[in-house]
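> Required output: the full structure, derived from the provided sequences and hints.
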Amino acid sequence: MSRLRVILVTVAAIAATTPVHAQTSYLDADPVIARILDQPLTPVASVSPDRQWLLLMSRPSLPPIAELTGPELRLAGTRIDPRTNGPARSGSFTGYLLRSVHGTAERAVRTPAGARLGSPQWSPDGARFAFTVTGSGGIELWVAEVATGAARRLTGPVLNAATGQPCAWLGGADRLVCRTVPAGRGAPPVRTDVPAGPVVQETAGRAAPNRTYQDLLESPADEALFDHYFTSQVVVVEEDGTLVPIGPPGIHAFVLPSPDGRFLAVQTVARPYSYVVPMSRFPSRLEIWDRSGTVVRRVAERPLQEAVPISSDAAPVGPRGVSWQATAPATLVWAEAADGGDPGRQAAVRDRVRTLAAPFDGEPGTLAGLAMRFADVDWLAGGTAVVSERWSKTRRVRTWMVRPGAAPRLLFDRSSEDRYGDPGRFLSTVTASGTQVVQTTADGRRAFLVGTGASAEGDRPFLDEYDLATGKTTRLWRSEAPWYEQPVALLDPARRTVLTLRESATEPPDYMVRDLRRHRLTRLTAFADPAPEFAGVTKELITYRREDGLGLSATLYLPPGHDRSSGPLPFVFWAYPREFGSADAASQVAGSPYRFSRPTGASHLFLLLAGYGVLDNPTMPIVGGEGEPNDTYVEQLVSSASAAVEAVVGRGVADRNRIAVGGHSYGAFMTANLLAHTDLFRAGVARSGAYNRTLTPFGFQSEERTYWQAPDLYERMSPFTYADRITEPILFLHGMEDDNSGTFPIQSERMYAAVKGNGGRARLVMLPGEAHGYRARESVGHTLAETIRWLDAYVKGPRGP
Numbered sequence: 024m025s026r027l028r029v030i031l032v033t034v035a036a037i038a039a040t041t042p043v044h045a046q047t048s049y050l051d052a053d054p055v056i057a058r059i060l061d062q063p064l065t066p067v068a069s070v071s072p073d074r075q076w077l078l079l080m081s082r083p084s085l086p087p088i089a090e091l092t093g094p095e096l097r098l099a100g101t102r103i104d105p106r107t108n109g110p111a112r113s114g115s116f117t118g119y120l121l122r123s124v125h126g127t128a129e130r131a132v133r134t135p136a137g138a139r140l141g142s143p144q145w146s147p148d149g150a151r152f153a154f155t156v157t158g159s160g161g162i163e164l165w166v167a168e169v170a171t172g173a174a175r176r177l178t179g180p181v182l183n184a185a186t187g188q189p190c191a192w193l194g195g196a197d198r199l200v201c202r203t204v205p206a207g208r209g210a211p212p213v214r215t216d217v218p219a220g221p222v223v224q225e226t227a228g229r230a231a232p233n234r235t236y237q238d239l240l241e242s243p244a245d246e247a248l249f250d251h252y253f254t255s256q257v258v259v260v261e262e263d264g265t266l267v268p269i270g271p272p273g274i275h276a277f278v279l280p281s282p283d284g285r286f287l288a289v290q291t292v293a294r295p296y297s298y299v300v301p302m303s304r305f306p307s308r309l310e311i312w313d314r315s316g317t318v319v320r321r322v323a324e325r326p327l328q329e330a331v332p333i334s335s336d337a338a339p340v341g342p343r344g345v346s347w348q349a350t351a352p353a354t355l356v357w358a359e360a361a362d363g364g365d366p367g368r369q370a371a372v373r374d375r376v377r378t379l380a381a382p383f384d385g386e387p388g389t390l391a392g393l394a395m396r397f398a399d400v401d402w403l404a405g406g407t408a409v410v411s412e413r414w415s416k417t418r419r420v421r422t423w424m425v426r427p428g429a430a431p432r433l434l435f436d437r438s439s440e441d442r443y444g445d446p447g448r449f450l451s452t453v454t455a456s457g458t459q460v461v462q463t464t465a466d467g468r469r470a471f472l473v474g475t476g477a478s479a480e481g482d483r484p485f486l487d488e489y490d491l492a493t494g495k496t497t498r499l500w501r502s503e504a505p506w507y508e509q510p511v512a513l514l515d516p517a518r519r520t521v522l523t524l525r526e527s528a529t530e531p532p533d534y535m536v537r538d539l540r541r542h543r544l545t546r547l548t549a550f551a552d553p554a555p556e557f558a559g560v561t562k563e564l565i566t567y568r569r570e571d572g573l574g575l576s577a578t579l580y581l582p583p584g585h586d587r588s589s590g591p592l593p594f595v596f597w598a599y600p601r602e603f604g605s606a607d608a609a610s611q612v613a614g615s616p617y618r619f620s621r622p623t624g625a626s627h628l629f630l631l632l633a634g635y636g637v638l639d640n641p642t643m644p645i646v647g648g649e650g651e652p653n654d655t656y657v658e659q660l661v662s663s664a665s666a667a668v669e670a671v672v673g674r675g676v677a678d679r680n681r682i683a684v685g686g687h688s689y690g691a692f693m694t695a696n697l698l699a700h701t702d703l704f705r706a707g708v709a710r711s712g713a714y715n716r717t718l719t720p721f722g723f724q725s726e727e728r729t730y731w732q733a734p735d736l737y738e739r740m741s742p743f744t745y746a747d748r749i750t751e752p753i754l755f756l757h758g759m760e761d762d763n764s765g766t767f768p769i770q771s772e773r774m775y776a777a778v779k780g781n782g783g784r785a786r787l788v789m790l791p792g793e794a795h796g797y798r799a800r801e802s803v804g805h806t807l808a809e810t811i812r813w814l815d816a817y818v819k820g821p822r823g824p
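Here the sequence shown stands for residues 24 to 824, numbered as in our numbering.
Calculated from the structure, these hints are not laboratory results. Errors might be hidden in some of the hints.
Claimed, not checked - Keeping only pairs whose Cα atoms sit at most 16 Å apart, straight-line, the calculated EDC-like set for lysine to aspartate or glutamate is:
#1 Lys562 x Asp639
#2 Lys562 x Asp586
#3 Lys819 x Glu649
#4 Lys779 x Asp735
#5 Lys416 x Asp586
#6 Lys416 x Asp365
#7 Lys562 x Glu530
#8 Lys416 x Glu649
#9 Lys562 x Glu658
#10 Lys416 x Asp441
#11 Lys819 x Glu809
#12 Lys495 x Asp441
Unchecked claim - Label-pair ranges, simulated between beta-carbon atoms:
#13 Phe550 x Pro446: 27 to 33 Å
#14 Ser588 x Arg541: 20 to 26 Å
#15 Ser159 x Ala371: 32 to 38 Å
#16 Gly494 x Ser439: 48 to 54 Å
Glycine included, each C-beta is placed from N, C-alpha and C at the ideal position.
If you want it as structure tokens, here you go:
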């Protein structure tokens with residue numbers, strides 16, 4: 024009966040009304056907010072392999088909508104720009120500035136005026152870096168010299184970036200290997216409106232559940248376009264720009280050069296293609312090529328992956344996580360499932376980490392047999408590996424040290440949820456061949472760990488020294504109030520000098536060199552405050568408890584210049600629920616009171632300039648008990664929201680009768696549920712959400728049960744089911760080109776129709792050209808204007824229920 028009810032409710036709501044789409048002009052936010060939106064973003068930095076230079080990369084302000092609504096092809100789970108043969112909607116940089124880490128030298132890199140610059144790729148010696156320049160006719164390869172700042176073009180607009188980063192350094196600093204558009208490719212296939220016949224799919228009776236992927240192939244015409252744009256030619260780009268083709272053209276998903284530059288690991292997509300899974304699940308072959316393009320060894324042929332179980336612990340068959348051993352000239356490393364990729368099958372060994380060394384004529388060796396799924400591998404000198412495995416269902420993570428000829432030694436065994444107990448990650452350094460290895464002291468006995476340092480008082484990043492023989496950890500440094508300072512790179516292990524990024528509640532993040540022995544701090548950058556209007560904002564990390572005793576936390580913001588004696592404020596809660604396996608982990612404090620908080624994009628923090636208090640990220644944990652976490656999703660969500668309301672009302676800063684709730688994606692799903700199941704909030708703002716879980720029947724978020732296994736759960740968790748109970752005003756916003764799995768635009772359209780059909784008050788704003796997140800300047804300004812107008816009308820008004 025419950026399943027029948029969902030179907031009947033769905034049909035009735037859709038039949039009752041459909042959204043009326045009215046084209047309007049873009050609104051813009053308040054002039055103060057608009058000024059902030061138009062500011063270039065704060066630069067980001069990259070450290071040279073030799074630790075001598077900081078490359079500061081300038082970022083533009085928000086792009087215009089015209090840039091986002093250009094030609095775009097959606098093929099096999101990927102969106103590309105057919106004009107450039109690269110990714111659509113990708114960000115870029117506007118300029119590079121080199122800054123000496125030890126000294127005051129500074130030089131601008133001379134790049135083409137107005138160019139869209141890609142992420143830099145340092146040569147192994149740090150003497151130069153390669154980057155891409157994207158223009159209207161394609162993507163070029165450039166290289167810049169650190170010594171002079173001069174940059175020169177190596178290729179014309181021939182790079183093919185449809186499957187990712189197109190180039191990599193090839194065993195040194197004088198040549199690169201790239202994927203290019205095949206010579207003489209010709210014009211793309213022409214779509215026709217006249218069909219040649221029906222599009223047919225057929226199942227052979229084998230279960231093949233899959234999540235709701237978007238942008239998939241849908242027809243033979245799509246297949247032809249996929250072949251045209253994704254086929255690439257591998258080439259070596261010499262120092263003078265000469266292109267030397269290697270091997271045959273193909274849909275090369277990745278091309279990885281070996282550390283010695285003599286071989287390439289090449290994964291090539293093959294037919295048959297699929298209309299239900301993206302390119303990453305298509306058949307493929309993994310081969311090792313020599314520099315002439317001759318296949319030295321075909322490592323594996325992977326079949327079509329349409330029947331991978333719906334589980335975060337499932338894995339496709341065949342090689343995955345392919346890389347080269349960082350400490351060997353040419354040894355290929357990969358993981359493969361030993362249990363068929365099925366977590367429901369009993370198996371003592373789930374994954375094996377395999378190795379194959381040049382000349383690649385023997386059988387692959389086994390570096391490690393794992394009882395859980397392979398996560399990653401780091402390398403130490405001498406061929407020692409640090410291998411991590413994880414099991415999502417139990418949140419367990421283990422890290423092993425694997426030495427040649429010795430039994431694996433357990434380094435860490437912990438819960439991935441336990442932020443307080445996170446030992447951190449090993450710092451790495453770059454070898455002469457350009458590979459990343461674990462950074463150690465000169466004698467190789469001790470490595471270094473960095474982490475966020477989560478604690479009951481908030482995050483406090485740290486740097487530890489780790490004895491590789493005994494496992495003993497020595498704390499070298501920890502961030503101290505009133506700063507939030509995080510290690511970026513260990514510049515000199517012997518002298519204990521560290522590159523850090525330091526900020527406070529009132530000072531922007533800046534790069535520093537910290538001398539731990541001399542207790543000296545040297546500033547490298549002095550970035551300006553991009554939004555000084557927020558200088559007077561009050562920020563506080565607060566903790567409180569819900570009725571079952573579970574500890575919760577949030578960041579409380581009050582508007583600039585707010586005087587608490589003037590009375591309580593209208594408030595907005597902005598949140599995102601998360602699932603946990605244990606109450607202890609769910610109650611851990613998240614965040615820091617010492618972060619520099621300035622909004623970008625369509626941030627809810629802009630509401631502070633409109634006179635609202637904001638409770639940012641009030642934790643909404645959904646904790647598993649005897650059953651699955653989602654078995655009590657609604658009850659726990661309501662309890663957490665109630666506790667958050669009492670926390671801010673009890674502090675005297677919030678008016679109980681003037682509180683709104685909002686969120687993005689799963690936070691929008693939360694928003695609709697809270698309006699349906701409580702009377703805590705005056706209004707809601709829901710951006711790019713999913714509201715009817717029958718439209719994501721093969722699982723969602725961390726829920727792995729299908730609709731047919733748990734129909735009552737899908738009904739109970741869907742706010743669509745309870746649209747007749749949403750009597751508070753709700754604003755729905757959604758990108759019309761949403762690319763996120765499950766959050767199809769129809770989710771907001773049908774939810775709006777359901778609320779409207781039941782007499783509720785709602786507004787639906789569909790943003791042209793926008794995907795799951797909103798990037799265009801016009802869209803962001805409109806989103807903020809709509810949000811503030813909605814809240815002003817229904818929350819900031821006269822007090823009362």
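> Each hint: holds or not?
Hint check:
Of the supplied pair hints, the one linking Lys562 and Asp639 holds, its CA atoms being roughly 10 Å apart against a limit of 16 Å. Among the hinted pairs, Lys562 with Asp586 is consistent with the structure: their alpha-carbon atoms are about 14 Å apart, no more than 16 Å. At roughly 42 Å between alpha-carbon atoms, Lys819 and Glu649 are farther apart than 16 Å, so this suggested pair is violated. With a CA separation close to 25 Å, the supplied pair Lys779 and Asp735 exceeds the 16 Å bound.
Pair hint Lys416 plus Asp586 does not hold up; C-alpha atoms about 47 Å apart against a cutoff of 16 Å. Only pairs whose Cα atoms come within 16 Å are accepted, and Lys416 paired with Asp365 is accepted, the gap being roughly 13 Å. Between the alpha carbons of Lys562 and Glu530 the distance comes to roughly 13 Å, so the proposed pair stays at or under 16 Å and holds. As the CA atoms of Lys416 and Glu649 are separated by approximately 14 Å, the hinted pair is consistent with the 16 Å bound.
Restraint check for Lys562 and Glu658: the C-alpha separation of about 30 Å exceeds 16 Å, so the hint is violated. Annotation: proposed proximity of Lys416 to Asp441 holds, straight-line Cα distance about 14 Å (limit 16 Å). Between Lys819 and Glu809, the direct Cα distance comes to roughly 14 Å. Compliance with the 16 Å bound is thereby established for this hinted pair. A distance of roughly 20 Å separates the Cα atoms of Lys495 and Asp441; the hinted pair therefore is violated under the 16 Å criterion.
For the pair Phe550 and Pro446, the supplied restraint of 27 to 33 Å holds, since their beta-carbon distance comes to about 31 Å. The hinted window of 20 to 26 Å between Ser588 and Arg541 is violated, with their beta carbons roughly 47 Å apart. One distance hint, 32 to 38 Å for the beta-carbon pair Ser159 and Ala371, is violated here, with the actual separation near 57 Å. Taken as a hint, the range 48 to 54 Å is violated for the pair Gly494 and Ser439, whose Cβ atoms sit roughly 20 Å apart.
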